[in-house]
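**Student:** Sequence:
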Amino acid sequence: MARFGGDEFTILLGEINSLDGAQQIVQRMVQVFNQPIQIEGKSLTVTAILGVAIPRTMLMDLRSC
Numbered sequence: 010m011a012r013f014g015g016d017e018f019t020i021l022l023g024e025i026n027s028l029d030g031a032q033q034i035v036q037r038m039v040q041v042f043n044q045p046i047q048i049e050g051k052s053l054t055v056t057a058i059l060g061v062a063i064p065r066t067m068l069m070d071l072r073s074c
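Under my numbering, read the sequence shown as residues 10 to 74, first letter to last.
Simulated from the structure, these hints should not be mistaken for laboratory data.
Quick reminder that beta carbons are idealized off the backbone N, C-alpha and C, glycines included.
Careful, some of the hints might be misleading.
[Stated by the list, open to error] So the derived label-pair ranges between C-beta atoms look like this:
no. : residue 1 : residue 2 : range
1   : I48       : S27       : 20 to 26 Å
2   : R37       : G15       : 22 to 28 Å
3   : N43       : G23       : 22 to 28 Å
4   : I25       : K51       : 33 to 39 Å
5   : D29       : E49       : 36 to 42 Å
6   : E24       : G50       : 35 to 41 Å
7   : S27       : L53       : 17 to 23 Å
8   : I46       : T66       : 26 to 32 Å
9   : I20       : L53       : 19 to 25 Å
Turn these sequences into a full structure, and let the hints steer you where they fit.
**Tutor:** The structure is reproduced here in structure tokens:
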């Protein structure tokens with residue numbers, strides 16, 4: 010994970026072998042972000058917008074499977 014700019018972050022993941030695998034990771038991240046965070050007795054909710062970028066070469070490989 011790295012800060013991309015302002016309040017934007019980038020996460021680079023390897024070993025994603027299918028579009029379904031990428032979707033599962035995004036769904037899990039959404040579940041985690043939807044959980045309230047407890048700080049000093051206060052409950053905070055974080056919101057996030059997620060996107061996935063897949064290299065064109067990987068997309069062609071996935072389509073041929």
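**Student:** Does each hint hold? Answer for all of them.
**Tutor:** Evaluated hints:
1. I48 with S27: 20 to 26 Å: 37 Å, violated
2. R37 with G15: 22 to 28 Å: Holds: the Cβ-Cβ distance is about 25 Å, inside 22 to 28 Å.
3. N43 with G23: 22 to 28 Å: At 25 Å between Cβs, range holds.
4. I25 with K51: 33 to 39 Å: Distance hint for I25, K51 holds at roughly 36 Å.
5. D29 with E49: 36 to 42 Å: Cβ of D29 to Cβ of E49: about 40 Å, so the range 36 to 42 Å holds.
6. E24 with G50: 35 to 41 Å: 39 Å, holds
7. S27 with L53: 17 to 23 Å: 34 Å, violated
8. I46 with T66: 26 to 32 Å: Given about 38 Å between the Cβ atoms, the range is violated.
9. I20 with L53: 19 to 25 Å: 21 Å, holds
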